[in-house]
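Chain by chain, the residues:
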Amino acid sequence: MSETHQHDATTTKRPAGNLRYVCYGNDKESPYLPAIKQLISKDLSEPYSIYVYRYFLYQWSDLCFMTLDEQDNLIGVIVCKLEPHRGGPMRGYIAMLATQQEYRGQGIATKLVRMAVDAMIAKDADEIALETEIDNIPSLRIYERLGFIRTKRLHRYYLNGNTAYRLILYLKPGIPYKPTYPPDYPHMEGDDAQNPAQGLLGEDLIQRQAAQLQIEEVHGQRHDLLQASG
Amino acid sequence: MPSDDLADEASPLNDKQNGGDDLSDPATAEARLQEEARRLRKKPISVGTRGVRDVTEDFVAASEQLQPGELVKDEYFTLFEAVGALEIMDPKMDSGRIPPGDSFEPDFDVCAGLNARQVLWIMDELFRLEMSFQDGYPLSQNIFTSLHVFRLLAPENRHPYHLRFNGPSAKDETTVELQLVHFVLSAYCIAVVKCVQCTLSSIQTYTYYEEEDFVTYLFGRELLPKLSAVDATRLLIDAADWLETSGLDEPVRDAIRLRLLAREELLTSMDSTDEGIDEWDKFRAKIRDIRQQHELATPVPDAFSDKVQRQLATSTPPRPMPQLSWDQACDKWLHLCDDILATRALTSFRIRQSPHCLQRATWAFAYRQPPPSTYARAKMQETLTAGDCVAGEVSHFDLMLTDIRDLVLAGDPLADPASFQVEVPSDPRHRASRLIEDFMSRMFGEYLNLYRMVCQNRCRMRRTFTQTLPIFDELETVAHEVDEQLNEIVVPRLVQDMSGNWHKHCPLSTWLRLHKLQIMIWTIQLGFETDLYLPDELREIFTVLEHLTRTRLSCLIQMELFVVKKLQLPEAGKLSRDDKEQCRSSSEWIKSLSLQEQVNVTLSSLLSSFCTTLEDLALIDARSKPYSQSQLRYEARYKPFLGLQWDSVPALEDLERQGRAEAITLSEIQQICTSYAEAIKTTRGMLGELKNMNPTQAKYVGTEEEWKKGIKSLETTCVAISVAASQLQRICEKHKDKLDRLGEVAEVSFPVPEKRYHVWWVVPQLKEK
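Protein chains in written order, with UniProt numbering: chain B, 1 to 230; chain U, 1 to 769.
Bound-form chain B, shown alone (with noise of 0.2 Å):
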């Protein structure tokens, strides 16, 4: 990752004057795609492919939010999904949220994520999980001012080696009592037999690779995109 941890308190902070919060709504290719990929790759040294946008834009386009200035311009930007977890509560997923960097500390990521998760609620999530690195302080301070709880703590998750919280929220009573079920494998033959039960290839681990190729990381990338005072 070429980001580094530094606040950005040098830059030039811009009004937030008249900011508009729109959906990203139906549009197949909107015209704002190319702006959220770059707003949200702009700190990560390996971006995911516009494949990865689009999983979520074309699945969940109700649960991504944008802040315009006047000039339709993208200041900021929420990507989520909302499907069930393990075959168990309807969860909710934060998977991307940045702000331009001259316009952050202005509550506007805070206000993002406020669209995001009354669109789940009115949407009947059950709870909301997202990941963010440990040390990414303005980030933490916005999910948890607004009631999000660290669950885990997880050693190493990144790519880059650093550890991340998990954050739930839950919305609804009784989560914890609802059955989720551990995935079926496939019966192995020949060599994959061997796979050592004890190398826990399990679900979480792909659930770290996927975390690993920076789906969940814009979090962690957030570091200095996230100035907001929520």
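If you're looking for bench data, these hints aren't it; they were derived computationally from the structure.
Model, not experiment: these values are computed from the prediction.
Be aware that one or more of the hints could be misleading.
Claimed, not checked - Examples of chain B residues toward chain U, derived with CB under 10 Å:
1) 19
2) 56
3) 57
4) 105
5) 106
6) 147
For glycine and all other residues, C-beta sits at the position ideal for the given N, C-alpha and C.
Starting from the known structure of chain B, arrange chain U on it as the hints suggest.
Showing chain U alone in chain B's frame:
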């Protein structure tokens, strides 16, 4: 291009899996990929029938039917698969991309001769890079970048794995420079590869977490499968012998020779599970000289290249990897040796005789600084569990039986190993030991996990504890049943406590419950260590901790009662000397546990009270948050404990604060702070008592230093609480007119784990603004 039939085989698996499943689950994706791979394997591709067709035009025509941005995917396409997509020729994603003007392969001839100083440098570079592999970074970015190693591992290379696939043997090379490469360096590289293999084999035999602990991926290469570690050590010895006659200058010759011998010792040690054979200490002793001789080396940076990644099978781009300096790598090698040697010292004869000493020693290992590497943690697990014995000597059966005896069955024939030998079916000892044996066999896995879980990285340690709780809870039901059955075979013992209540001795369920409560407490404490709790949760978490430690304390007090009474009863006269000694030792041990738990009770109670006061003064912001609902937050926070039938955390209504009728007054604050002084004095008294217990009494044989340090850090925690309380009192007295808005003049901070006197105890710090 796949032929048509192959494409059919790879078509969506709509006949399989996924019915009603979480379709986007990455694990389902994994399952699907595995299934596809299996199908492909099943049907061998015949090269003769494989056709090639240019589909460019079809593809372009088909894609013109689509709107820009339209996603073409089946319903089984998951996030995992989306993330796997690469943009070809994007330099950040496509590791196979060759920039204009660059060559595909590195421009370096691995068969060419090198002088001794160059060979020395390459050996050292491998030594340095090996540490980055040991740190958990992928081979493609460290050892495999050695072009010599890469050549040896080439898929077309065959045993005996020469650098020249079909050339003369190393001995027939014509110059010293060529022999240095083909004889000496090649032997060294082969031995490095074998060390990699030994490391991977150890790690993969025991519990570890892929990616977060270690990357075991081989990128489609094999690690010289037809050549054993022993063969490799012979090559090293032959090379060292050849050096003697090589006529090379002495210093550099000696430096190379030392590396060959050190590598031989390392490989022998890694290849062996027998403590008697390995040579970690000898290897360690050579690192100092190796470090110093490095200045003799002449760099050959071209002998290493990241271009090898273009030929390696992978689905992930290279990851950021810290560059270790030569000195850092040498230090890490020293740490690795020390950690491995510590696995021996911490499971020594004196320690492993007592499960509690061993438990303490395992924790001491886990808390070594810097934290032991994944390989060292695997070696610790090996020592604890290989062959169903600790250090090849104490059987797990004996370990667990001793644990039960020390805590609940001291001096009792039920836990006497001899009872397990009685074969007369009508003998009560026979019948009782079958019951206990049966319980133990159901319990073994989770009991050993008490040691194994501690060998995981700290985040996983907490999570595995949470995962084991429901299992312990179920086993507690079993233990109650077995206790009932035991009490039908032997006359149950009854004792009366100070309040006049009678208690029936239920040894197994009591023993299990004590361990389970300990795991619940550790779960909370590791939550503190991994910094999971926000300031506004502290009051409640400390209350929960106080509840759990108090519960465990009362469990301990009852256990102590049974063992003490046993010595006081008239029948005590009939006890053998050994049995009496067991009872005495058990009561001392339980006494030390009670003292430790009492310290936990007081500290958690003090801190819970202190955080309450800080909330009253609005120094901790406990106002509700926009999306937070107390019932839901409670469920999220205590998920691991909810649903346990035997013990749990207090109910939400018991944890919620009763709203204060009036604002807190100065005299109240003064009273609270004064009350702390008394509690802290008592706590320090208990710590003093613990300090006076010897290693056998409190079972910290072999971890005396850690015991002392632990008590010291608890004493400092007591001091920190005193300081915080008197600071609060002072600020309140100074600003008594501002108690309703103390935040204007004072602020509170919560030290991060590294800054605490004890990682498990967060003591708020106050200062005036």
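How the hints compare with the structure:
1. The interface hint given for residue 19 of chain B is broken, as the beta carbon of that residue sits about 20 Å from the closest beta carbon of chain U, more than 10 Å.
2. Hint on residue 56 of chain B holds. Least Cβ distance to chain U is approximately 8 Å, under the 10 Å limit.
3. Checking residue 57 of chain B against chain U by beta carbon gives a least distance of about 8 Å; that is within 10 Å, so the hint holds.
4. Using the Cβ-Cβ criterion of 10 Å, the hint placing residue 105 of chain B at the interface with chain U is not satisfied: the shortest such distance is roughly 19 Å.
5. The closest approach between the C-beta of residue 106 of chain B and any C-beta of chain U is roughly 18 Å, which is over the 10 Å cut-off, so the hint fails.
6. Restraint check, residue 147 of chain B versus chain U: the minimum CB separation of about 3 Å is within 10 Å; hint holds.
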